[in-house]
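Chemist: Here's the letter readout for the chains.
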Amino acid sequence: MEFKLSEEHLAVREAAKDFAETRLLEGVIERDNNRVHPTEQVKEMGALGFMGIMTSPQYGGSGMDTLSYALAIEEIAKIDASAAVIMSAHNSLCLWAIEAYGTEEQKHKYLSPLAKGLALGCFCLSEPEAGSDATMQRTTAIDKGDHYLLNGVKNWITNGGQSEYQLVIAQTDPEKKHRGINALIIEKNWQGVTIGPKEDKLGIRSSDTHAINYTDVKVPKANRLGADGFGFKLAMQILEGGRIGIAAQALGIAAGAYERSVAYAQERKAFGKPIAEHQAIAFKLADMAVDIEAARMLVYRAAFLKDQKQDYGYASAMAKLKASEVAMKHTIEAVQIHGGNGYVKEYHVERMMRDAKITQIYEGTSEIHKIILARNILKGELALPL
Amino acid sequence: MKILVCISHVPDTTSKINFVEGDTQFDTQGVQYIINPNDEFGLTRAMWFKEKNGASVDVINVGGPETEATLRKALAIGADNAIRVNTPAKEAIQVAKEIVSVIQQNQYDLIIAGRESIDYNGGMVPGMIAALTGMNYLNNCIGLEIDANLATAIREMDGGKETVTAPLPLVIGAQKGLVEESDLRIPNMRGIMMARKKPLTVMEPQEMSEQVTSVSFEKPAPKGDVKLIDPENIDELIALLHNEAKVI
Numbered sequence: 001m002e003f004k005l006s007e008e009h010l011a012v013r014e015a016a017k018d019f020a021e022t023r024l025l026e027g028v029i030e031r032d033n034n035r036v037h038p039t040e041q042v043k044e045m046g047a048l049g050f051m052g053i054m055t056s057p058q059y060g061g062s063g064m065d066t067l068s069y070a071l072a073i074e075e076i077a078k079i080d081a082s083a084a085v086i087m088s089a090h091n092s093l094c095l096w097a098i099e100a101y102g103t104e105e106q107k108h109k110y111l112s113p114l115a116k117g118l119a120l121g122c123f124c125l126s127e128p129e130a131g132s133d134a135t136m137q138r139t140t141a142i143d144k145g146d147h148y149l150l151n152g153v154k155n156w157i158t159n160g161g162q163s164e165y166q167l168v169i170a171q172t173d174p175e176k177k178h179r180g181i182n183a184l185i186i187e188k189n190w191q192g193v194t195i196g197p198k199e200d201k202l203g204i205r206s207s208d209t210h211a212i213n214y215t216d217v218k219v220p221k222a223n224r225l226g227a228d229g230f231g232f233k234l235a236m237q238i239l240e241g242g243r244i245g246i247a248a249q250a251l252g253i254a255a256g257a258y259e260r261s262v263a264y265a266q267e268r269k270a271f272g273k274p275i276a277e278h279q280a281i282a283f284k285l286a287d288m289a290v291d292i293e294a295a296r297m298l299v300y301r302a303a304f305l306k307d308q309k310q311d312y313g314y315a316s317a318m319a320k321l322k323a324s325e326v327a328m329k330h331t332i333e334a335v336q337i338h339g340g341n342g343y344v345k346e347y348h349v350e351r352m353m354r355d356a357k358i359t360q361i362y363e364g365t366s367e368i369h370k371i372i373l374a375r376n377i378l379k380g381e382l383a384l385p386l
Numbered sequence: 001m002k003i004l005v006c007i008s009h010v011p012d013t014t015s016k017i018n019f020v021e022g023d024t025q026f027d028t029q030g031v032q033y034i035i036n037p038n039d040e041f042g043l044t045r046a047m048w049f050k051e052k053n054g055a056s057v058d059v060i061n062v063g064g065p066e067t068e069a070t071l072r073k074a075l076a077i078g079a080d081n082a083i084r085v086n087t088p089a090k091e092a093i094q095v096a097k098e099i100v101s102v103i104q105q106n107q108y109d110l111i112i113a114g115r116e117s118i119d120y121n122g123g124m125v126p127g128m129i130a131a132l133t134g135m136n137y138l139n140n141c142i143g144l145e146i147d148a149n150l151a152t153a154i155r156e157m158d159g160g161k162e163t164v165t166a167p168l169p170l171v172i173g174a175q176k177g178l179v180e181e182s183d184l185r186i187p188n189m190r191g192i193m194m195a196r197k198k199p200l201t202v203m204e205p206q207e208m209s210e211q212v213t214s215v216s217f218e219k220p221a222p223k224g225d226v227k228l229i230d231p232e233n234i235d236e237l238i239a240l241l242h243n244e245a246k247v248i
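Protein sequences appear in the order of chains Y and R. Using the working numbering, the first residue of the first sequence is number 1, and each one after it goes up by one. Using the working numbering, the first residue of the second sequence is number 1, and each one after it goes up by one.
Simulated from the structure, these hints should not be mistaken for laboratory data. Don't be surprised by glycine CBs; every beta carbon is placed ideally from N, CA and C. Check before you lean on any hint, since a few could be wrong.
As the list claims (entries may be wrong) - Derived EDC-like pairs: lysine to aspartate or glutamate, alpha-carbon spacing no greater than 16 Å straight-line:
{"id": "1", "chain 1": "R", "residue 1": "Lys-198", "chain 2": "Y", "residue 2": "Glu-8"}
{"id": "2", "chain 1": "R", "residue 1": "Lys-2", "chain 2": "R", "residue 2": "Asp-80"}
{"id": "3", "chain 1": "Y", "residue 1": "Lys-144", "chain 2": "Y", "residue 2": "Asp-228"}
{"id": "4", "chain 1": "R", "residue 1": "Lys-197", "chain 2": "Y", "residue 2": "Glu-8"}
Claimed, not checked - Only some residues are given here: those of chain R computed to face chain Y with a beta carbon under 8 Å:
{"id": "5", "residue": "Arg-72"}
{"id": "6", "residue": "Ala-76"}
{"id": "7", "residue": "Asn-188"}
{"id": "8", "residue": "Ile-192"}
Chain Y with its partners taken away, still in its complex shape:
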């Protein structure tokens, strides 16, 4: 067993760190305050190859592995968790599915501009009444022979307002239940597609979250991804991989708050010495370091298993569960370490605390992940440790 990143992995991490520190840090507080999408920065992320990081170079992507993706998201999330989720949702919820199951035509038409960062993509699964219970799709895609007629509402769509292309999950045949669900590629400017107002969120405020309404949208059959009825299975596969991105985002938020806390605790003095020399604070730092490193190992391992083409579902569930819990717990501690300064925006950690909360909710809540893991345990299917 070798716990060592390759030279390329280190180079990706360094590039992402440089990008985050030089391009994302400036204005991050204002973007959060005013819900401003980092459009210019996302364009630059496209030029640097982050917006198609795992997509094959054949379609304009960077052709890197999942571990590179996780390392980049982690570094970006240390500075700006909103930019990290924009990248994560785009890559693992939209591009991955088109590359894995798209036709050549779909890949050339949609994947290529997405991977080059010329267009943004999103994944539309959640509905007002179908969150964790994703089988309860009310959005319908009725088979009309040469096309589907799409009607319904999708909720909490990350990148919803900015995405040119949307991957929409909808029910075609309710009698077949989840086997009657399809995944369709929708273009934003098609007739009947209406983007709802931007959500006013607790955290990740500069990421662009909207409801999207579909009213009698005609979707060519050629825009269905995979076989008829494959939509639900596809959605579950997408989420399995997507969790690695969110786990890496949560890890980055935690690590960013930790790094700020370590620096602050050495600078800030109370009772005549740096607060890091008071055991109450020193112990917090130690707890943070251990938890973050544990989360990091889980995240990297899930990415590694995916790259090895091994079963990674349980590993990504564990990574997402642990990393998001660690992010929440330790961003709260980071605010505590920063004291009064932690409660004001200038010191960043209050934003990180607000950003952390969503990682326990989206792409499968912590509770859903426990259900997934418990089912695997009780079926005796939890894979052996490496």
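Here the structure of chain Y is known, so what remains is to put chain R in place on it, guided by the hints.
Modeler: Chain R only, in chain Y's frame:
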């Protein structure tokens, strides 16, 4: 146009500096390495010539295998070839002679080296390269244009600037201003992938005996605490400035 950019592999500017073995060796424990910033300004300007004028850009480092990650970063940024002379960089004349030996095997029009590395701050290598090759040498460059065979450079001087021209081949001592910090490039993902396939040639060093040997290193004395003086108490301030700080 063929450009050679000399790349020093130096500790990151935020590294904690410590010495070991009786203060004779730099402690490399936990230190991250980067492209020497002055070299990076030069490399970035070289990339500009590559993109505008189709120049080819080689990068060279004199150092052990641990410096290859730094050379690969230069390749990821866009250099075409990398050369590593396989010997630890010990002193300026040794580094310069190794680089000159590579220059003599290739017809370079322009050699760019940072005016100094940020680790040992010798500031001698570009001048030595110029002397050993007989090329023209312009140091402290904060601007460089090339038209056919003529280079026009802007040099930073104390309190001003000088514009000079010189024919190629030429050695340039690069520094901040040759490009701005905001022009420095982050390697893109495709560049990182391509860097793996670009040639990185390892050359064996010449036989050389060491001329200058480091005997010991010493860190500056730690700064004392800040003394706060009551604004009403000007006499104390003057006394301290006179007796302790010895500035008045």
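Chemist: Each hint needs a verdict: does it hold in this structure or not?
Modeler: Against the structure, the hints come out as follows:
1. R/Lys-198 / Y/Glu-8: Roughly 13 Å between the alpha carbons, so the hint for R/Lys-198 and Y/Glu-8 holds.
2. R/Lys-2 / R/Asp-80: Distance ~11 Å between R/Lys-2 and R/Asp-80 Cα, so the pair holds.
3. Y/Lys-144 / Y/Asp-228: 13 Å, holds
4. R/Lys-197 / Y/Glu-8: 12 Å, holds
5. Arg-72: For R/Arg-72, the interface hint holds, since the closest Cβ of chain Y sits about 6 Å away, which is under 8 Å.
6. Ala-76: 6 Å, holds
7. Asn-188: 4 Å, holds
8. Ile-192: Cβ of R/Ile-192 sits 5 Å from chain Y, so the hint holds.
In this structure, none of the earlier numbered hints is contradicted; all agree with it.
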